[in-house]
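Visitor: Whole structure, please, built from the sequences with the hints as guidance.
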Amino acid sequence: MRIYILKRLLLIIPTLLGAATLVFLIMRVIPGDVALLILGGDQGQIDQKQLVAMRQQLGLDQPLYVQFGTWLWGVVRFDFGTSLWTGQPVVQELLIRLPLSLELALLASMVSVVIAIPLGMLAAVRQDSWVDYLVRVISIGGLAIPGFWVGILCILFLVIVFGWGPPLEFTPPWINPWANFQMMVWPVLTVGYRYAAVTTRMTRSTMLDVLREDYIRTAWAKGLHERAVVVRHALKNSMLPVITLVGTEFAFLIGGLVVTETVFTLNGVGRFVVDAVAHRDYPVVQALIFLTAFSFVIVNLLVDLTYAWFDPRIRYH
Amino acid sequence: MATSETTLVHGGATAALAPRLTTVRAVIKFIRTKPLGAAGAAIILGMMIVAASSGTLAPYDPYQADYAAQFARPNLDHWFGTDEFGRDLMSRIMYGARIALFVGFTASFVGCTLGGLLGVISAYCGGKVDLLLERLMDILLAFPQLILALAIASILGPAVQNVVIAISIPIIPRAARIVRAAALSVKENIYVEAVQALGAAQRRVVLRHIVPNVVAPYIIIVTAQLGGAILAEAALSYLGLGAAEPTPSWGLMLSGSALSYAEKAPWIAIFPGIAISLGVFGFNLFGDSLRDALDPKLRRKG
Amino acid sequence: MTGPSSRIPSSVVLLALVAGSLILAMVSPAPAAETPRRGGVLLAVIGADAPTLDPHQEGTFATLQVVAPLYSTLLQIDPYNYPKIIGDVATDWKISADGLTYTFKIRSDVRFHDGSPLTAADVKTSYDKIVAPPAGVRSMRKNAYTMVASVEAPDATTVVFKLKHPSASLLDNLASPWNVIYPKKYLDRDPNYFLKNVMGSGPFKFKAYTRGSTFEAERNPDYFVKDRPHLNGYKFYVSPETSVRAAAIRSGRAYIEFRDLPLSEVEAIKRALGDRVTVQHTPLIGQWGIAIQNTIKPFTDVRVRRALTLGIDRYTASRVLFPLTGLRHVGALMRPGTEWAVPPAELEKLPGFGRDAERNRAEAKKLLAEAGYPNGFKVVLKNRNVKLPYQDFAVYVIQEWRKIGVEAENRPLETAALLADVRDHGNFELSVSATVEYLDDPDVFLRRYTTGDPTNVGRYSDTILDDLFARQTRALDPVERRKLIVELQKRVLEQAYYMPGLWWTRNVVHWTKVKNYVAPPSHYTNQKLQDVWLAED
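Protein chains in written order, with the working numbering: chain A, 1 to 317; chain B, 1 to 302; chain C, 1 to 537.
Be aware that one or more of the hints could be misleading.
Unchecked claim - No farther apart than 27 Å at their CA atoms in a straight line, the calculated lysine-lysine pairs in the DSSO-like style are these:
#, chain 1, residue 1, chain 2, residue 2
1, C, Lys-142, C, Lys-207
2, C, Lys-196, C, Lys-105
3, B, Lys-128, A, Lys-7
4, C, Lys-94, C, Lys-142
5, C, Lys-142, B, Lys-264
6, C, Lys-515, C, Lys-84
7, B, Lys-264, C, Lys-387
8, C, Lys-84, C, Lys-162
9, C, Lys-84, C, Lys-185
Said to hold, decoys possible - From chain A, some residues computed to sit far from chain B (all C-beta separations above 10 Å):
#, residue
10, Tyr-65
11, Leu-72
12, Asp-79
13, Pro-89
14, Gln-92
15, Leu-94
16, Val-131
17, Pro-177
18, Thr-262
19, Ala-278
20, Phe-296
21, Val-303
Keep in mind that the hints were calculated from the coordinates and are not lab data. Model, not experiment: these values are computed from the prediction. Glycine is no exception: its CB is placed at the ideal position from the N, C-alpha and C atoms.
Guide: Shown next, in the form of structure tokens:
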């Protein structure tokens with residue numbers, strides 16, 4: 001097992017390095033001079049000398065390979081430089097916004113799992129019945145509705161019908177749970193329903209796989225009550241693939257964050273990416289995209305390791 | 001990896017046990033056994049007809065502003081109402097179908113074809129080539145689809161063709177992975193080794209045996225990615241990275257002003273959203289059922 | 001009136017009546033003058049996050065609105081009497097006869113929030129930073145002070161500006177809300193200190209700042225104006241989505257938005273809240289137009305340029321775009337209604353400003369045919385990727401040009417890319433172009449029509465314009481100056497070097513309980529909030 005862990009860890013290093021390189025290249029190809037943007041403000045007057053000085057200050061006059069080296073070295077130490085737009089360290093800016101996005105992602109996953117697993121199980125157990133069709137239609141439909149549209153309709157509904165607006169400031173749940181709830185409930189539902197749709201379908205198909213396994217049939221043959229069969233055997237064994245699924249669909253969640261945070265105007269990491277792209281704030285965009293890839297890779301790794309822990313066959317692949 | 005389909009070694013041909021169906025009979029069987037998929041196909045067909053004939057079907061020019069009729073409620077003149085410039089919403093939605101379908105199909109086809117090619121090359125060549133390509137695909141796969149598309153779209157600037165490129169790139173590694181797996185399974189098939197032992201040319205081995213077997217997974221992933229591509233286009237347009245005004249893109253119609261004018265003219269925010277949802281719903285339904293029909297492993301599960 | 005027992009003289013009755021009504025008047029609430037209530041925290045929403053906290057180095061309202069109440073300036077624009085200039089820390093000033101020396105006297109009782117006194121030395125150092133910034137420090141408004149030779153502080157309460165040539169605009173520029181006064185000792189240590197830090201002398205003290213989220217301040221108990229500010233403090237919430245800001249006001253989570261809300265949102269809020277909300281509709285010192293790259297074909301031909309401007313029906317634009325964007329007033333290059341504006345009668349004679357749209361279009365087509373484009377042509381219109389009012393303005397203009405055969409493609413770019421293309425490299429054909437300022441200052445608005453100016457994106461060179469501009473900037477006689485300015489505008493419009501579109505207006509929405517806030521014609525001024533009070537929390 002230890003060898004397997006080591007092997008996997010070694011494997012992700014080139015992947016991460018490659019991701020860091022790709023991110024750097026992407027950002028350097030973007031047209032538009034951030035120095036010009038900073039000096040331009042809303043509409044200002046540009047002084048050529050100030051422009052040159054600004055570029056120097058931002059390190060943009062260095063040759064590309066030097067900038068790349070600085071970037072890579074920083075990545076290794078988790079130092080992503082300073083934001084070109086605000087002058088604050090990127091990590092600091094990130095840490096301010098991270099709690100909100102983390103809470104959103106966690107709650108959305110929890111909500112979706114709570115909805116999806118029972119639904120998926122139900123559909124699998126009652127395969128091809130009207131319940132199954134209904135669940136399938138709902139989950140496919142849920143996936144089809146654009147997240148940002150749901151968010152928009154949500155806000156509209158609340159404002160027009162109830163004259164209610166969400167709190168404008170993020171308070172962590174341990175300080176003021178009610179204010180936190182009021183702010184987060186709608187975005188959580190907006191992100192969560194799509195995640196739930198995907199998870200429902202996967203739960204259903206995994207359950208179907210498991211239900212056909214021989215030992216289940218044996219349990220049936222033995223005359224065990226349906227609920228006992230389902231809960232004790234099928235559920236336990238379909239959890240592993242579902243966990244896998246939750247891990248791999250994590251990327252899905254991150255995409256949802258970006259759009260939802262924009263719609264609900266939450267001060268989270270997702271919106272930060274969109275803003276930073278608009279400002280040509282290279283360090284921030286590079287850092288965020290790389291970190292997204294990084295967390296995705298780590299989550300996948302954890303999922304694989306969990307899988308390998310439970311299923312020894314995998315380790316010797 | 002064994003397939004659950006019994007193969008007959010028969011002088012170079014691989015035949016499934018199930019009887020061959022003519023296209024028409026296959027379609028009828030599909031409709032009967034997979035009503036959901038048929039419904040999805042009907043939606044898609046409807047969308048395609050509307051998009052193709054929007055020139056004749058649409059009552060107005062989608063760019064034509066009518067300053068006397070700004071924010072008109074849905075009425076006999078304007079079935080879906082008008083927007084802030086007095087442009088007919090129904091015509092805009094019809095023309096918007098063109099953009100949605102164009103982006104969806106192109107991005108999905110381009111991404112899956114490029115990915116599929118890479119997958120086949122990777123599986124067939126094996127060795128160092130395979131390793132290198134796999135690494136590259138892994139790197140691309142490390143990025144969530146929307147994030148990568150966002151970064152690329154922001155480089156290229158707001159335009160429909162740029163959105164297509166931005167969306168197709170994240171699809172490449174995902175298609176490559178699936179096609180590679182399918183191609184590998186064929187390669188490992190003992191039968192192929194036997195044929196090679198008999199001395200058949202390498203190229204013929206590939207073309208005759210690997211490619212046909214990856215067609216099914218290829219079709220599956222193309223249809224699976226279609227709905228997502230349309231959604232991605234809508235999301236990017238909403239964020240301001242996709243089509244630009246005054247193009248009638250559904251996502252663009254929902255951005256910014258739809259919320260501001262929502263109390264005055266809720267139809268501006270409602271109809272484009274319904275259009276997107278319906279389109280993606282149709283593609284997903286169809287894609288799901290198609291996968292069930294084509295993928296033998298899942299055949300029994302329905 | 002008189003009975004047998006009471007014999008009250010009528011004079012006493014009269015006195016009693018008068019005394020009684022006096023007492024009554026004192027006891028009952030006076031309907032006219034309300035007494036400001038002390039207390040409460042003003043909650044505001046703002047549409048963008050401040051990139052840095054130093055107004056010298058920024059040009060965005062996102063910085064200015066949050067830090068303006070924390071600082072003082074030398075001069076300011078009278079909040080109740082635009083565009084009159086009054087002092088902030090300056091008490092009075094004298095201009096020498098030759099117009100080359102301006103002497104200001106400043107108050108002696110102004111203190112920074114750390115207790116140290118504000119002296120002329122602080123004013124001098126702050127202005128040195130603006131006029132001649134050291135390396136690594138940017139000054140957004142440097143070019144407005146090219147006439148300043150030096151700034152002196154001969155004693156603690158006197159500041160002297162020495163000029164290279166007389167300037168009609170110096171006082172206006174000194175009243176800029178961006179020119180806040182910093183303590184010298186911090187600037188000497190690090191001129192970029194105030195990018196991230198605050199140390200001012202204004203009615204409020206800095207309290208807390210969470211990037212992208214909130215900005216808070218509290219009352220300065222030692223403010224040099226007695227009994228001010230009325231508020232205990234203020235708090236800005238950052239919220240980039242317009243509808244969310246409108247929802248915040250509507251639900252009472254915020255009381256005021258200082259910049260602008262679209263008319264549809266304003267109407268919805270008014271319908272929902274009625275009298276509990278007040279809307280102030282003001283003109284804004286901002287203009288949207290189309291810049292033309294004059295050095296490339298076909299725009300080198302004045303006929304083509306004239307055709308394009310003739311093709312835009314500005315009066316219908318005003319009607320159509322006003323409810324959507326606030327763009328409203330038709331005018332030339334200086335704001336209509338000000339002393340520098342071209343009078344409407346003369347304006348209507350200029351190409352593109354005539355009232356008969358059909359005739360204008362016919363003439364445009366004729367000009368295009370003459371210039372060799374009988375069937376029009378295709379062109380790319382670059383634009384800023386911001387919905388209001390840039391995109392809506394473009395949609396309208398594109399629609400108009402279709403009528404004369406010109407097919408324009410709208411190409412929105414991110415602000416950085418747009419600035420690079422349009423300003424830096426001249427890489428454009430047509431571009432939506434906006435100018436928004438805090439004051440109707442001819443120098444600021446008209447400098448872009450002179451040869452070689454960095455904001456002359458159209459890259460044209462006309463010696464007549466250069467001459468007119470140079471003369472007006474030195475003209476101390478307002479009548480003479482006005483003549484020159486009107487002539488300059490006419491020349492630009494006749495040659496169609498640049499196509500002005502419409503002038504901006506805005507709606508400032510706030511809860512009626514926010515008292516004594518008068519919205520000026522600029523979202524940059526009157527942001528000190530020292531006279532604002534809340535009728536209830």
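Visitor: None of the hints should be skipped; say for each whether it holds.
Guide: Now for the hints, and whether the structure bears them out:
| no. | hint | result |
| --- | --- | --- |
| 1 | C/Lys-142 <-> C/Lys-207 | violated, 30 Å |
| 2 | C/Lys-196 <-> C/Lys-105 | violated, 30 Å |
| 3 | B/Lys-128 <-> A/Lys-7 | holds, 19 Å |
| 4 | C/Lys-94 <-> C/Lys-142 | holds, 23 Å |
| 5 | C/Lys-142 <-> B/Lys-264 | violated, 45 Å |
| 6 | C/Lys-515 <-> C/Lys-84 | holds, 22 Å |
| 7 | B/Lys-264 <-> C/Lys-387 | holds, 18 Å |
| 8 | C/Lys-84 <-> C/Lys-162 | holds, 23 Å |
| 9 | C/Lys-84 <-> C/Lys-185 | violated, 32 Å |
| 10 | Tyr-65 | holds, 20 Å |
| 11 | Leu-72 | holds, 15 Å |
| 12 | Asp-79 | holds, 21 Å |
| 13 | Pro-89 | holds, 22 Å |
| 14 | Gln-92 | holds, 22 Å |
| 15 | Leu-94 | holds, 15 Å |
| 16 | Val-131 | holds, 14 Å |
| 17 | Pro-177 | holds, 29 Å |
| 18 | Thr-262 | violated, 6 Å |
| 19 | Ala-278 | violated, 8 Å |
| 20 | Phe-296 | violated, 6 Å |
| 21 | Val-303 | holds, 14 Å |
When the structure is compared with the earlier hints, violations turn up for hints 1, 2, 5, 9, 18, 19 and 20 and for no others.
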